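Engineer: One-letter residues, chain by chain:
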Amino acid sequence: MSKPLPNASGHFRRSHADEFRLIETGFSRTMLALFIIALVSFPFLFSSFYVDLAAQVFLASIGALSLMLLTGIAGQISLGHAGLIAAGAFTAGILFKEFALPFWVTIPAAALVGAGIGVLFGLPSLRLRGLYLAVSTLALHFIVVFLGGEYETRRGFSTGILIDPPVVFGYEVYSTRAWYFTLAVAAAVTLWICINLMRSRSGRAWKSIHANETVAEAIGIGVTRYKLLAFVVSSSMTAVAGALFAYYRGFVSIEAFSLYLTIQYVAMIIIGGMGSLLGALLGAVFVTLFPYIIEALVSVLPGADRLAGSVFAFNYAAFGIVMILFLVFEPQGLVGIWRRIRDYFVLWPFRFKAMGGRK
Amino acid sequence: MSNAFDVEYGRLRRMTLPGLLCENAQRQPDAVAYRAKLRGVYHERSWVDYAGRVARCAAAFEKLGLAGGERVAIMGNPCEEWMIADQAAQALGGISYGIYPTASSEEIAYQMRDGGAVLFVAENQEYVDKILAIADTLDNLRHIVVIDATAMFAYDDPRLKTYDDLVAEETAGPGWLADRAARLDPDAPAFIVYTSGTTGAPKGAVISHGRHLAATYNIVTIYPMLAEREQRAVVFLPLCHVLGRDIAMTLPMLSRLVPHFGEDVEDIATTMFEVAPTVLFTVPRYLQKFASQILIGIAKTTGLKRSAYEFAMKLARRTAEARWNGPLTIGQAAGFSAAWGAVFRPILNKFGLDKLELVISGGAPLPTDIGALWQIYGLNVVEMYGQTETAGGIIAGQTGPYARPGSVGIIPPGWNIRFSETGEIEVHSPDLFDRYWNNDAATAEAFTEDGWLRTGDIGEMVDGQLKLIDRARDFIVTAGGKTISPSYVENAFRSSPYFSEVVVFGQGRKYLTALVEIDFDMVSDWARRNDVSYSGFTSLTRNPAVFDLLAGEIAKGNERLARVEQIKDFRILYKELDPEEEGEPVTPTRKIKRGLMLKKYAELVEEMYDDREDRLVAAAIGAD
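Protein chains in written order, with our numbering: chain G, 1 to 359; chain P, 1 to 624.
Honestly, the hints are just simulated from the structure, not real lab data. All values derive from a computational prediction rather than experimental measurement. Treat the hints with care, since some could be wrong.
[Unchecked claim] Counterexamples of contact, computed for chain P against chain G with all Cβ distances above 12 Å:
#, residue
1, Ala322
2, Ile330
3, Asn491
[Claimed, not checked] Taking lysine-lysine pairs in the DSSO-like style, the calculated list, with each CA pair at most 27 Å apart, reads:
#, chain 1, residue 1, chain 2, residue 2
4, P, Lys289, P, Lys314
5, G, Lys353, P, Lys305
6, P, Lys314, G, Lys353
7, G, Lys353, P, Lys355
8, P, Lys467, P, Lys289
9, P, Lys289, G, Lys353
10, P, Lys556, P, Lys289
11, P, Lys591, P, Lys568
12, P, Lys355, G, Lys3
13, G, Lys353, P, Lys300
14, P, Lys510, P, Lys593
By construction, the Cβ of each residue, glycine as well, lies at the ideal position given by its N, Cα and C atoms.
Please model the complete structure; the sequences and the hints are all you need to start from.
Structural biologist: In structure tokens:
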């Protein structure tokens with residue numbers, strides 16, 4: 001199937017280059033421009049607490065997008081996400097601490113290490129599916145965490161590794177606002193890579209493997225190759241997210257990479273909506289902001305003072321409930337809700353697809 | 001004013017289509033002549049490229065031995081190669097004619113034999129199969145050229161050639177074409193158009209080069225906006241029809257109309273959506289089809305959206321009426337703009353109709369309500385009236401904007417009409433068709449003694465606008481002696497979205513009855529919404545609930561008719577009319593052959609006339 005038609009009439013493609021344009025209609029151009037303006041002006045309009053929250057969302061987006069590629073698109077379940085983030089963070093930390101290498105070296109190095117681990121993570125996927133694959137990736141998570149812990153204790157950094165702020169184009173990225181823009185750019189680049197992967201041969205291969213491995217093989221897709229590629233690409237991006245995380249925190253310690261982190265990322269793609277890049281972004285926003293929302297809600301409850309100690313418990317419980325609610329009532333996640341809202345207006349004043357147009 | 005037109009008419013009368021193509025290729029070599037969609041991409045063809053393509057095809061035809069005066073038949077849906085092959089044949093002095101893509105094999109055989117084509121151009125394998133089945137009985141046929149060679153691997157008939165192979169070897173360019181075009185006689189026949197033949201066998205109207213161009217130019221005189229700025233049009237009407245030919249080939253050379261060819265006629269909705277034409281030439285059937293799609297969509301939508309639509313309709317209905325009576329007040333215009341922006345534009349956008357500046361309906365009478373509905377939606381719908389015999393030109397056209405439905409407009413400059421004693425419209429112009437192919441008797445019948453063309457249509461002039469009443473031979477005279485125009489009656493019902501076709505009978509009877517064909521999409525949608533179960537077309541037509549629905553629609557239509565014109569009873573056709581089937585009472589253009597219809601469905605019609613009284617009388621006088 002070729003590219004779907006744009007939302008508005010009168011946009012015919014005159015060359016194959018036209019088919020590759022991401023923005024076709026004037027409406028989407030305007031929307032994109034407005035969105036960029038909003039993103040750029042955000043840190044100047046809100047306090048640094050909110051700017052910091054936004055930066056966290058960007059960071060989470062990178063991890064969520066890469067997990068979405070692997071699990072949501074290619075259909076390979078992985079519970080080793082936190083392990084991969086740890087691997088990226090430790091690569092950056094070790095290279096900085098031991099060899100004093102700059103940002104420009106540590107980030108690509110983290111990507112390479114991630115790619116290498118991706119191959120290892122991917123190998124079991126060639127034989128295992130579903131739950132078994134999940135368990136084998138979980139094993140790798142513990143291996144990485146174990147190695148990181150060993151490094152910390154043997155080198156005497158038992159409280160963690162301190163990292164200096166990176167220097168980008170001669171500017172030290174230290175302030176919240178600087179981090180906001182750095183991470184925004186990193187998230188945008190990741191999104192751009194993911195979008196392009198999705199509309200190229202690899203993305204299509206992954207989707208078909210997800211749909212039915214046997215059929216994919218039968219129509220000539222190298223299932224082995226593309227499964228490994230999914231692990232390599234996803235792990236590599238995740239490790240970069242880990243390295244950025246290390247710089248952003250200025251500190252690497254193995255305690256930060258618990259299994260709960262993995263669960264948070266898995267929650268992002270489930271709540272966001274499996275198989276959709278937009279879903280990964282929405283999930284990242286939701287899961288990152290969720291604890292703050294719960295906290296705010298708890299604080300308005302009567303007797304908030306007495307509950308202060310149990311905010312974490314509330315958080316976990318509410319998180320679990322939200323996950324269950326989504327799985328039961330909105331399996332398509334936030335993106336399903338978004339699509340319904342969008343379709344309401346795109347199809348206006350019809351309810352279903354009329355004739356030539358989209359939907 | 002008309003003097004300036006006369007100069008242009010005169011110039012065109014001395015031209016040929018290939019000559020005009022070369023002129024365009026020279027004057028504006030790099031401007032876009034047309035766009036053709038191939039594998040998802042609209043390829044822009046410049047005039048010089050266009051001329052080169054025609055030249056190569058003509059050179060290839062020449063090698064196949066096509067000589068001046070020989071005929072070339074082309075069959076298939078509209079595509080760029082169709083019109084290139086057509087002009088290539090014309091450039092060599094050949095005479096081309098198209099065969100309706102939906103023609104039955106009997107009709108193909110008739111037109112191949114009557115036209116005597118030496119070359120048959122088939123769009124794809126489907127038409128190759130059709131021609132091969134009868135090829136051995138055709139003495140004149142020498143070659144079959146296939147445009148789309150997909151699925152042709154298992155064919156080894158020596159007459160078969162593929163278009164791409166033929167053209168690939170040629171190197172002829174626009175210069176060569178110009179040289180050929182210069183040798184042509186503008187008064188020689190250029191092509192034949194077979195009339196659809198609602199009565200009797202199709203007749204081939206022979207049309208010559210110059211007269212066709214001059215006649216077609218009269219469309220530009222009525223609609224000058226075609227030449228004022230670039231206009232996008234979608235080619236979807238069959239090119240063998242003179243209107244289809246005008247849109248795809250002739251008008252683009254006379255105006256600034258840029259035709260767009262979709263990938264497949266089946267994808268017309270997608271093509272329309274992508275291209276968003278600014279001018280739409282159409283037959284009423286499409287306007288009816290699109291309207292019923294919109295109505296289905298609105299019927300199925302949510303309450304809030306429907307109320308928004310209904311509110312907008314209420315407002316726009318008043319605006320449409322006000323427009324017919326003169327310019328809008330600022331308040332009316334602002335109100336309509338709001339309704340347009342909030343409701344109608346989003347609706348039309350989904351069909352690719354929102355950029356339309358002009359919608360021209362021709363080929364058959366446009367039901368008044370359909371025209372009015374589209375005007376309420378805000379489209380500038382006008383009607384024009386022409387015939388194959390007027391050589392591509394029109395006899396009348398509504399100038400608009402937003403012409404009041406009901407008339408077919410004014411007569412173009414340089415053309416004249418008069419009415420015979422019976423009210424039949426007669427046309428005079430230097431630019432009419434030449435004659436019927438192989439049919440001098442019909443030719444003689446078509447013209448009056450002083451050379452005016454008999455249209456066969458009855459009309460009258462009302463306030464300078466021509467108004468059509470009916471085809472002369474179609475009038476029904478009831479037993480009560482009333483003369484009734486069946487198409488007038490039918491149009492009163494055709495505006496109901498549930499009918500796809502309504503055919504009225506009653507010649508020599510006490511009252512009128514009708515056979516109706518349901519619009520399957522609309523009625524099945526209604527059935528689903530109302531919990532009426534059905535398994536297919538036939539079971540739907542047999543359902544009593546459907547009968548009741550249609551009876552309601554008939555009653556509604558009857559309200560608008562005089563007593564004698566009302567339909568007293570009707571029957572539903574239990575299968576869809578299919579022009580591709582042998583012996584169906586419908587032409588490839590889906591015009592009804594009344595006589596055949598009555599014969600084929602005689603039983604259904606008889607059922608509707610209760611003849612007990614007649615039998616009583618007969619018994620009383622002692623007859624059997």
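Engineer: CA of P:Lys355 to CA of G:Lys3, is that 27 Å or under?
Structural biologist: Measuring from Cα to Cα gives roughly 23 Å; hence the hint holds.
Engineer: Mind checking the alpha carbons of G:Lys353 and P:Lys305 for me, to see if they're no more than 27 Å apart?
Structural biologist: Given pair G:Lys353, P:Lys305 holds - Cα atoms ~14 Å apart, limit 27 Å.
Engineer: Can the restraint linking G:Lys353 and P:Lys300 be considered satisfied, given a maximum Cα separation of 27 Å?
Structural biologist: holds (11 Å)
Engineer: Would you mind confirming whether the straight-line C-alpha gap from P:Lys289 to G:Lys353 stays at or under 27 Å?
Structural biologist: The given pair, whose Cα atoms are some 16 Å apart, holds under the 27 Å limit.
Engineer: Are the Cα positions of P:Lys591 and P:Lys568 separated by 27 Å at most?
Structural biologist: holds (24 Å)
Engineer: So if I understand the rule, the pair passes when the alpha-carbon distance is 27 Å or less; does P:Lys556 with P:Lys289 pass?
Structural biologist: holds (20 Å)
Engineer: For a C-alpha distance cap of 27 Å, please report whether P:Lys510 and P:Lys593 respect it.
Structural biologist: holds (22 Å)
Engineer: Would the pair P:Lys314 and G:Lys353 pass a check requiring their Cα atoms to be no farther apart than 27 Å?
Structural biologist: holds (24 Å)
Engineer: Please check whether the beta-carbon of P:Ile330 is more than 12 Å away from every beta-carbon in chain G.
Structural biologist: holds (26 Å)
Engineer: Does P:Asn491 really sit off the interface, with its C-beta more than 12 Å from all C-beta atoms of chain G?
Structural biologist: Correct as stated: the minimum Cβ-Cβ distance to chain G is 25 Å, above 12 Å.
Engineer: Is the Cα-Cα distance between G:Lys353 and P:Lys355 27 Å or less?
Structural biologist: Holds - the C-alpha atoms of P:Lys355 and G:Lys353 are around 20 Å apart, at most 27 Å.
Engineer: CA of P:Lys289 to CA of P:Lys314, is that 27 Å or under?
Structural biologist: holds (22 Å)
Against the hints set out earlier in the document, no violation occurs for any number.
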